[in-house]
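Enquirer: With the sequences and hints as input, model every part of the structure.
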Amino acid sequence: MSRPIGSQEHLEKRRQRAIALLKEGWSVLAVARKMGCARSAVYAWWTIFRRHGLGGLQAAPVPGRPPKLTPRQKRALSRILLAGALRSGYSTDLWTQKRVAKVIEERFGVVYHSNHMWRFLQSLGWSVQKPVKRARERDEKAIAHWKHYRWPHIKKGRTA
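Here our numbering is used: position 84 in the sequence shown is 102, and no number is missing along the way.
In short, the hints are calculated from the structure, not lab data.
There's no promise every hint is true.
To be verified - So the derived label-pair ranges between C-beta atoms look like this:
#, residue 1, residue 2, range
1, Glu158, Thr114, 23 to 31 Å
2, Ser58, Arg125, 49 to 57 Å
3, Gly71, Pro149, 14 to 22 Å
4, Arg154, Ser25, 16 to 24 Å
5, Tyr61, Glu124, 22 to 30 Å
From the three backbone atoms N, C-alpha and C, an ideal C-beta is built for every residue, glycine too.
Expert: This is the structure we're talking about:
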């Protein structure tokens, strides 16, 4: 059986609910059906509870490398990114993965490989966006004139 869907807190409450049902006199099979899990899981939770109490059923911390940047540094980085790339000394106002990685290294002394910056930026709530490509010959005045004067006549002449 695969890991159930839910946050650590949700799964912790689920285990505690199973123990409460067992204490009320429910059978292991009935608890397993109610909780939507295997009997072996209920037995394991009961064993842990008997040995360690409710504390043993608490969600374990997620293993993995601690983040390289502190929450304070991440907030500072967000402010830097919002200010724009021009303020950080770049010739255009576009942020690239390489530029963000370089800013992080220069400001915080933390090295990230630029290929992985998209995942890091996504964790901060940023998304990848491509600038709109426009022709150099584009005439904004002519476009505005066409939209204002020609397009309404074309639109009126259409039949649905």
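Enquirer: Using the C-beta atoms of Tyr61 and Glu124, is the stated range 22 to 30 Å upheld?
Expert: At roughly 55 Å between Cβ atoms, Glu124 and Tyr61 fall outside 22 to 30 Å, so the hint is violated.
Enquirer: Using the beta carbons of Ser58 and Arg125, state whether their distance is inside 49 to 57 Å or not.
Expert: 51 Å, holds
Enquirer: Is 14 to 22 Å a correct range for the gap between the Cβ atoms of Gly71 and Pro149?
Expert: Roughly 58 Å apart at Cβ, these two residues miss the hinted range, so it is violated.
Enquirer: I want to verify a distance hint. Is the separation of the beta carbons of Arg154 and Ser25 within 16 to 24 Å?
Expert: 51 Å, violated
Enquirer: Is it true that Glu158 and Thr114 lie within 23 to 31 Å of each other by Cβ?
Expert: 26 Å, holds
Hint violations for this structure: numbers 3, 4 and 5, all remaining hints satisfied.
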